Amino acid sequence: MGLFIAQLITGLANAGALFMVASGLSLIFGVTRIVNFAHGSFYMLGAYIGYTLMQVLPGAVGFWGAILLAGIAVGVIGMLVEILVLRPVYRAPELFQLVATFGVILVVADLTLMIWGPEDLLGPRAPGLRGVIRIMGEPVPKYDIALLVITPIVALLLWYLIARTRVGVLVRAATQDREMVGALGVNQAWLFTGVFALGCGLAGLGGALQLPKGGADLLMDFNILTAVFVVVVIGGMGSLPGAYLAAVIISVVNVFGVTYLPQSTLVLIFVVMVLVLMIRPYGLFGRPEVAGEHGQVGEPEKPIRPAGTQVRLLVAAGIATLAALPLYGSSFSQVLATDILIFCLFAASLHFLMGLSGLVSFGHAAYFGGGAYVAALIVTHSNSPMELAFVLAPIGAGLGALIIGWVCLRLTGVYFAMLTLAFAQLLWSLVFQWGEVTGGDDGLVNIWPADWLNDTTVFFYLALILCIGGILAMRHVAHSPFGYALRAGRDSDRRAEATGINVKRVQWLGFGFAGMMAGLAGGLFVFSKGSVFPNEMEIARSFDALIVVFLGGVKTLAGGVVGAATFKGLEEVITRFEYWRLILGLLIIFVVIVMPEGIVGTARKWAERAGWLRGEETRKRKAREEAA
Amino acid sequence: MTTASHPPASQSATQARSETRSEAPPSPSPVLETRNLTKAFGGLVAVDDVSFSLQAGELLALIGPNGAGKSTCFNMLMGQLAPTRGAVWLKGENITGMNPRKVWRKGVGRTFQITATYASMTVGENVQMALMSHHHRILSIRPRAHRLYRDEALALLEMVGMADQAERHCAVLAYGDLKRLELAIALAHDPAVLLMDEPTAGMAPRERIRLMQLTAEIVENRGVSVLFTEHDMDVVFAHSHRIMVLNRGQLIAEGNAEAIRNDPRVQEVYLGGGTVFAQEDAADA
Amino acid sequence: MKRKTFLKTLMGAAVAVTMAPFAATAQDGPIIVGEINHYKRMAAFAGPYKMGIELALEEINAAGGVMGRPLEFIFRDDQGEPGEAVKIAEELMTRDGAVMITGTILSNVGLAISSLAGEKGYVYLASEPLADSLVWASGNDYTFRLRSSTYMQAAMLAEEAAASGATKFATIAPNYAYGKDAVAAFKEVLTELNPDVEFVAEQWPALFKIDAGAEVQAIERAKPDAIYNVTFGTDLAKLVREGGDRGLFDGRTVYGLLSGEPEYLDPLGDEAPEGWVVTGFPWYDLEDGPDGAFVKAYQERYDDYPRLGSIVGYMTVQSIAAALERAGSTETDAIREAFKGLEVASAMGDITFRAIDHQATMGAYVGTTALRDGKGVMVDWEYKYGGDYLPSDEKVMELRPGN
Ligand SMILES: Nc1ncnc2c1ncn2[C@@H]1O[C@H](COP(=O)(O)OP(=O)(O)OP(=O)(O)O)[C@@H](O)[C@H]1O
Ligand SMILES: [Mg+2]
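Residue numbers (the numbering used here), protein chains in the order written: chain C, 1 to 628; chain E, 1 to 285; chain R, 1 to 403.
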């Protein structure tokens, strides 16, 4: 009994920081509809700033003051980020802002390293709260008790702010219906800024509050991110009580998991998340998304056309130049080109899904890594020839995508994206944990192609043929009735269903097809590298693809490939510098602000404006001129 | 497969069909029928025990003030909503609770009050989409969609007077054009029943008349039965064969233009409610 | 039109790559070694390691270099990604004219490079990764490893644990390959030495996501006599704090793998645990011998003290220089042959790269933690020679199917 209560207290204390970070994220999402990937970075900043302040400010007052000040400081930083980085892109297409927040992650990571150095900082103890008290004989750290009290107080203050003040009314109104806020005569821009600052401040507060239980280190930004996303999704995006309840549930489940299922530490929260979403698709307190609710849908896409002769000739010339690479390029240039081609195929497969069907997957690496693992597992565990393993990679990934897609397609929008993330993480933890079969994080090694393929140049040609072929095949499918049906479902679900198109089924097959193509890229990847590790399935890999698709331009056919090639190429150069994350982050933010429709989308617009391309704009202008 | 090998089937088929229809005696059994159709949203009964029938070749208007339950009724007819109670029969078959796709395949087409078209496609492609679905080509990945059933689509667009706009981007169309486009889409599978939810909303008066004349012609030539809702009473009285009035979910009157005009209950609903029999564009359109 | 941008980028990269100078391969220029590490991802570890390398390079080159040529390292960041590391390794070997590759801390990256090395015939000296499989299960002809492996260090602690007479053990290790290997090796060796031992709890917190309070409660619940700890970094800090507060360590000996390395002990400051039996690096007490000389040189060169990584980096260069001298050539096969059975007079004394499994016999310092001047240190330590903590040759042959 005593142990049980002590465990409960541990869980509730752990929920504290988690709740604060998650409530901030939830608030930001609820009002601005921004999925703030950088939220973990603000949490990290809170910890570092709090640490520094605690070194300066003396005594108990100094300690608690430092926590409060850290929250405020991070809030101010958040405000600056919102004004400088996000405000310029509110009108960009749905979810585009998350790319900007990804840039912020990179910038913050390097700045933190510059300012505070690489070593982990052990958090200072809370004055007067060292040691334990005994509850029914069980030791409970005093600071846990403090957290137990502080968290509900913060939650209540937040509740008061939201439920009882004018600001709160506006925030709630904005969460329900963003148009209404404008109608109330409130400056929406400042409301967004304020909420973003508040959300970031909460993250900072969480970071500072956990100092006595841990410290500050450079990996904490990503380390908390998954847990926070899980909490927000389980609670229901935009719901504060949901965030609180979910933080408590996750923390308490974790504590008991540690005791009774010690091996489960990785998988448990994702299992909880998947279960909750299966029963309550919009989280405990969430509400279904109204179509197009994200606002910021931007202009509708242009109709697509097969490329004209000129473009075809250009592309053919480009491919020919690439195919001649072994004649003039070094062996390494072929290795590099193979890498870039594979990544382009992977990104193009996500782009196929996002661009045509409008389904945003946060977990696309599951199929890339999945394909790689299918091939590697077959090679490792059965003596089948490489060629067979290679063929099974896309098939396996495609089947996996069909299974996961079948479940995820019950949801839409951000919830769909989050569920794909949860499944990807579930697969990742399976691969990571099931060491006997998958080798765990030591991966599967010595997965090399058959002898006839084992030459750099030959493999380059294989990659060239399959990647370009795959990309062209996806492009062809985009122009086929199936591709059109995907777009139809995205553009108007009502119309599609009312003309006999089974939108869910079309999307499901599209999801499977995109997964299969990602699996093909994964198969190529594993044989080009000779090994595969869980890294190829992790969130960071999914984000890689997501970011380049957005940067290339979701609403263009070539966006995925262009974005992937551009950024993979740039990365190759930039990572040679010491502070490459800073440079890359700033570059991403720059592109986001200057090219809100992605590289291809914005370039096309510029070209139209300059009169190089015919578009609606020129047509309209012509019409006006004619009328005049 | 290129479009060249597809004969413009739709048109000739239509012709054949309308001929047989005009020769056959008018069928006594209704094409579409509802029995005690009811829909409750929580406590609000949006459609309350509505029974009516639509005869073959009939142009039937369903009118009523805002929020009367007209769109809800339409949604139950085609399966966008499942009724709380009651049944829908199509050509002698109970289609209650059937999903819109199936109902569509059984020969029901519709337009929406808030237009539903594919914003990223051209006008022509919007219609081709419905034709591809009709011909079960949705899942094929070989042919280029832009070329499939192009002639049929152009013929349908011609019918609604939009053939010259076939290559335009749907997103830039005027509202009235979107309504006409929807009509072309709804006709793509040669339906027996056409449901039109406020087909003329957002149009100029002249346009409205043109569209309703067109609708009447379609009823005439293709033997389609049409059920439509409309706020413009001039349009309703001029173009419908029969009128039903819905108020707070209940059918309160039914008959020809004359009967409806003189029905005291109807007058009360419209006049008493402070609205006149006049143009009353759907505010939500 | 859209595809053009993509091609341009690709072409740009290709051209940049082609135009790169090939001067590096010239016979009289420096001998180049490619060093791949997670300079960003694990900055706290890779930094001191790199400083150790640079110190050794300066010394060697000041003394005339290797075979009369200067020795040069090219340092590349792999972002902690195995796939990236493989690409960089290719670049170093085929473009930059490196004669061999070294580096990495993370085992998975080391394994990826090792797999490439075996396939393409590049010599790879794995400096820091600990995974046993690197030289055993996945070992190949071209891969060598310097640092004492997980198995060796776990065996050293198991020996201490067996001597203590404790029988009820709890283990806590991060839930990934290194943690699992470390627990398996400890259990194996300890059970061999003392068949009466019993493992009453096995805790597996997720790496860097430990829920320390709950882990402590779970271990306490099992009432062990002693605890074997494999957690490190922030996980260790949290475990030490929660465990200390809740009295988990009272009356129990903790055996901590790597816990005595300055990288992990120093961040704990005055909260460093006392009385733990650990492997680590007591640089503060090293005065005589080659290790003492290294510490002195390091502190003179830098305004900083060495970490374990520093001496590993230093020994990496020593080993490579020795191998090159022995090979008398920069040809891959010659270097590979030279590494087999190579004896190096290293900063930790004489070590041998065993011909049988390519594992160096570098040892580890084992001692007990204590607090000195508000900092954690190791006392009563002893340097244990790595060669004494490896399985028998027959066993090794079994473990290394590649042979
Ligand atoms: N999904 C829904 N949930 C709850 N109430 C609804 C829903 N759809 C419609 N209603 C309500 O049902 C009633 C009937 O709505 P309906 O849209 O059918 O009216 P209508 O006759 O089409 O009006 P209008 O002329 O404005 O188009 C209204 O009070 C409306 O608010
Ligand atoms: Mg309506």
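Keep in mind the hints are simulated off the structure, nothing from the lab.
Note that the coordinates shown come from a computational prediction; the quantities given were computed from them, not determined experimentally.
Yeah, the Cβ is synthetic: ideal placement off N, Cα and C, and Gly gets one too.
One or more of the hints may lead you astray.
[Claimed, not checked] Distance condition first, Cα-Cα at most 20 Å in a straight line; then the derived DMTMM-like pairs of lysine to aspartate or glutamate:
| id | chain 1 | residue 1 | chain 2 | residue 2 |
| --- | --- | --- | --- | --- |
| 1 | R | Lys187 | C | Glu138 |
| 2 | C | Lys142 | R | Glu220 |
| 3 | R | Lys187 | R | Glu202 |
| 4 | C | Lys302 | E | Asp164 |
| 5 | R | Lys375 | R | Asp270 |
| 6 | R | Lys340 | R | Asp141 |
| 7 | R | Lys375 | C | Glu436 |
| 8 | C | Lys142 | R | Glu337 |
| 9 | R | Lys375 | R | Asp303 |
| 10 | R | Lys120 | C | Glu608 |
| 11 | C | Lys302 | E | Glu220 |
| 12 | R | Lys168 | R | Glu202 |
| 13 | C | Lys302 | C | Asp493 |
| 14 | R | Lys50 | R | Asp288 |
| 15 | R | Lys375 | R | Glu220 |
| 16 | R | Lys340 | R | Glu394 |
| 17 | R | Lys120 | R | Asp288 |
| 18 | R | Lys384 | R | Asp288 |
| 19 | R | Lys395 | R | Asp250 |
| 20 | R | Lys50 | C | Glu119 |
| 21 | E | Lys91 | E | Asp190 |
| 22 | R | Lys223 | C | Glu138 |
| 23 | C | Lys142 | R | Asp250 |
| 24 | R | Lys340 | R | Asp350 |
| 25 | R | Lys120 | C | Glu138 |
| 26 | R | Lys50 | C | Glu578 |
| 27 | R | Lys340 | R | Asp388 |
| 28 | R | Lys120 | R | Asp333 |
| 29 | R | Lys296 | R | Asp350 |
| 30 | E | Lys102 | C | Asp493 |
| 31 | E | Lys102 | E | Asp190 |
| 32 | E | Lys91 | E | Glu33 |
[Said to hold, decoys possible] Every beta carbon over 10 Å from chain E, so not counted as near; a handful from chain C, in silico:
| id | residue |
| --- | --- |
| 33 | Trp434 |
| 34 | Ile501 |
| 35 | Val506 |
| 36 | Leu509 |
[What the hints assert, rightly or not] To spell it out: a stretch of chain R is covered by chain C in this simulated footprint if at least three of its residues, at any positions, have a beta carbon under 8 Å from a beta carbon of chain C; those stretches are:
| id | segment |
| --- | --- |
| 37 | 110-124 |
| 38 | 131-141 |
| 39 | 203-210 |
| 40 | 245-255 |
* To do: List in ascending order the numbers of the hints, as given earlier, that are violated by the structure.
  => Violated hints (numbers, rising): 1, 7, 8, 10, 11, 14, 15, 17, 19, 25, 34, 35, 36; every other hint is consistent with the structure.
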